[in-house]
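Using the sequences plus the hints, can you model the full thing?
First residue of the sequence shown: 55, per the numbering used here; consecutive thereafter.
Please note that a few of the clues may not be correct.
To be verified - Heads up, simulated EDC-like pairs for lysine to aspartate or glutamate below, C-alpha to C-alpha not over 16 Å straight-line:
# : residue 1 : residue 2
1 : K631      : D591
2 : K631      : E584
3 : K631      : E618
4 : K631      : D593
5 : K631      : E587
To be verified - Distance ranges between label pairs, derived from CB positions:
#  : residue 1 : residue 2 : range
6  : E62       : D498      : 48 to 54 Å
7  : L137      : R572      : 42 to 48 Å
8  : S113      : R576      : 42 to 48 Å
9  : A59       : A262      : 39 to 45 Å
10 : D557      : G434      : 17 to 23 Å
11 : P236      : A351      : 45 to 51 Å
12 : S304      : A233      : 23 to 29 Å
13 : A357      : D573      : 33 to 39 Å
14 : P307      : R152      : 27 to 33 Å
15 : G265      : H480      : 31 to 37 Å
16 : E587      : D557      : 20 to 26 Å
17 : R598      : G622      : 24 to 30 Å
18 : G622      : D557      : 22 to 28 Å
Because the hints were derived from the structure by calculation, they are not lab data.
In this text the structure is predicted, and so the values were computed from the model without any measurement.
Glycine included, each C-beta is placed from N, C-alpha and C at the ideal position.
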Amino acid sequence: MRLRALLETDALGLRLLGGEDELDRTVRGVMTTDLRDPSRYLSGGELVLTGLAWRRDASDSEPFVRILAGAGVAGLAAGEAELGDIPADLVEACVQHRLPLFAVNETVAFATITEHVVRQVSGERAGDLAAVVDRHRRLMTSGPAGGGPEVVLDLLTSDLDLRAWVLSPTGRQIAGAGAPLPAPLGAALAGHHLAATRTGRRGPYRAAVAGSTYSLFPIRNAGRGAVPAARDVRESVLSDWLLAVEADASDWPAARLDLLQGVTQLIAVERDRRDAARTVRRRLAQEVLELVQAGAAPAEIAARLRVAAPVLLPGLGAAPQWQVVVARVDWTAAGTAGAAGVPGDIAGGPVAQALLEEILVDPAVSGPDSADRIAVAHTGEEAIALVPLPAVPAPLPETVDGPTDNATVREKEAGESPAAQDPALHADALLAAVREPLSAGLADDGRLTLGVSAAVHSAEGLRGALEEARHARRVAAARPGRVCAAGHHELASHVLLLPFVPDDVRRAFTARLLDPLRDYDRRHRAELIETLEAFLDCDGSWTRCAARLHLHVNTLRYRVGRIEQLTGRDLSRLEDKLDFFLALRMS
55 MRLRALLETD ALGLRLLGGE DELDRTVRGV MTTDLRDPSR YLSGGELVLT
105 GLAWRRDASD SEPFVRILAG AGVAGLAAGE AELGDIPADL VEACVQHRLP
155 LFAVNETVAF ATITEHVVRQ VSGERAGDLA AVVDRHRRLM TSGPAGGGPE
205 VVLDLLTSDL DLRAWVLSPT GRQIAGAGAP LPAPLGAALA GHHLAATRTG
255 RRGPYRAAVA GSTYSLFPIR NAGRGAVPAA RDVRESVLSD WLLAVEADAS
305 DWPAARLDLL QGVTQLIAVE RDRRDAARTV RRRLAQEVLE LVQAGAAPAE
355 IAARLRVAAP VLLPGLGAAP QWQVVVARVD WTAAGTAGAA GVPGDIAGGP
405 VAQALLEEIL VDPAVSGPDS ADRIAVAHTG EEAIALVPLP AVPAPLPETV
455 DGPTDNATVR EKEAGESPAA QDPALHADAL LAAVREPLSA GLADDGRLTL
505 GVSAAVHSAE GLRGALEEAR HARRVAAARP GRVCAAGHHE LASHVLLLPF
555 VPDDVRRAFT ARLLDPLRDY DRRHRAELIE TLEAFLDCDG SWTRCAARLH
605 LHVNTLRYRV GRIEQLTGRD LSRLEDKLDF FLALRMS
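And the structure:
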């Protein structure tokens, strides 16, 4: 399609700001970005949509436009939602580089423009797949009439004889045409995709697995409601979907490559819908988490859980059990090729949230809506999942001759153990199927650590479950490996007991021992709390503790004496050492 055709469609809300002589340029695709340098994702002929988040001052416009012009894009469309009027420096830069510039009215979503361009371009270049674009709105529906990504994939198979699957970053099949992709093959393809993405190369990526060749196309969310374009590939590498096609695309003509890129953009609409559907569950998890961390009354937390239960477990009559899962993604200072930012700029919480939502999906359930019973919030650098567990039905009574229920008889004859009926999450099982692909995405500078609590039956237990999951995650963090998990059963005895101490007891206990030291530190900057922690960590060794704190031993003795004087305790006694240790752990 030609650029000037965009101006003829009033629904797109485009206003030409410059480049009238260049409107006969051909548009071959569309891309949404707020990267300062999106060149690695451009192949030429795109209409680039931007919300201008990359612009900090007037000096940023010319380099950005120069990069787009050098990549051969057809035109630039800038949204007015962020800054209002399009900055004059951007208009001047586009005139200088002869790049047509459009303003996008703030009432028009980028997804609307994307869908229109994909529909027109695909219709012109692939008449045999016009039905893909004509039926693209089915991707945005979730009812019985909606086909989702399967509509596109079925037509790829029937019209182009291409077998294709949409996969999550862990290799879970979200959609496919024909026979399901075996789980090990999906994991292997996802691993190839993540490793290639970390190098910064432009897709599609070629992968040879199990004697077949596959082409892997990244699927990136292009809607205005999506997360802003990542400044660093590590911000999105663990959450982006991929389209795996059983074919070698290295020798494909440009028209077919363009068609597949258009298909990924259509599937991105489904991804946008899925993310929007998760908003309610994320908000529920965030509200419960804030109440738990603020020490709210159990009755208030229970009321919030009663609101959450029907959303997460529709049709469930009784209140379920709950488990808490905590995950964290950490990046070291040594980035890999293709990382444009610095590790300090990567927000770990959202990355861990998207990843935890994927990990907690039942691997036996496929489709984009299979995570509709998962509520994940993020706070700081960690993600926290509130996982409802349906109550396990009580076993049926048995007669002298054996069980009376035919289904139970079949289960026992099949050798099903009681553990097989346990709905609780187990740390090792969660990561068993995803460790290989995620390790490829984490490469040599990332780590995923995960902790799982025991199941609790009421709101009173949630605070303890949260702390238990956090303790378990710290246990996992102490282990070697890129992907590590630990469960509540692996915790040391005192760590297991502390989370379940009532809040009023823990507050009174820690206040009695530590408040005198905190007050003294505030008045004199004496660092008594830091000294106490180091002294206990060094098992009461004067020389090791003094060396750790860079103090003379006599100075350390003076500080410890002051601690004993203020608290009335004796740090040479095991009982008093233990009390201080527990108070510090509970504070």
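Hints versus structure:
1. For the given pair, K631 sits about 11 Å from D591 by alpha-carbon distance, which is consistent with the 16 Å threshold.
2. Between the alpha carbons of K631 and E584 the distance comes to roughly 15 Å, so the proposed pair stays at or under 16 Å and holds.
3. A C-alpha spacing of about 11 Å is found between K631 and E618, which places the hinted pair at or below 16 Å, so the restraint holds.
4. Between the alpha carbons of K631 and D593 the distance comes to roughly 9 Å, so the proposed pair stays at or under 16 Å and holds.
5. Restraint check for K631 and E587: satisfied, since their Cα atoms lie roughly 10 Å apart, inside the 16 Å limit.
6. At roughly 51 Å, the beta-carbon separation of E62 and D498 lies within the given 48 to 54 Å, and the hint holds.
7. The hint said 42 to 48 Å for the Cβ distance between L137 and R572, and at roughly 47 Å that hint holds.
8. Look at S113 against R576: about 46 Å separates their beta carbons, and that is inside 42 to 48 Å.
9. Look at A59 against A262: about 41 Å separates their beta carbons, and that is inside 39 to 45 Å.
10. Taken as a hint, the range 17 to 23 Å holds for the pair D557 and G434, whose Cβ atoms sit roughly 21 Å apart.
11. The hinted window of 45 to 51 Å between P236 and A351 holds, with their beta carbons roughly 50 Å apart.
12. Roughly 25 Å separates the CB atoms of S304 and A233, a value that falls within the hinted 23 to 29 Å.
13. For the pair A357 and D573, the supplied restraint of 33 to 39 Å holds, since their beta-carbon distance comes to about 37 Å.
14. Separation of P307 from R152 is about 28 Å and conforms to the stated range, judged on CB atoms against 27 to 33 Å.
15. Checked against the given bound of 31 to 37 Å, the beta carbons of G265 and H480, roughly 34 Å apart, stay inside it.
16. Our hint of 20 to 26 Å for E587 and D557 holds, since their Cβ atoms are close to 23 Å apart.
17. The hint said 24 to 30 Å for the Cβ distance between R598 and G622, and at roughly 26 Å that hint holds.
18. The hint said 22 to 28 Å for the Cβ distance between G622 and D557, and at roughly 25 Å that hint holds.
Of the numbered hints given earlier, the model fails none.
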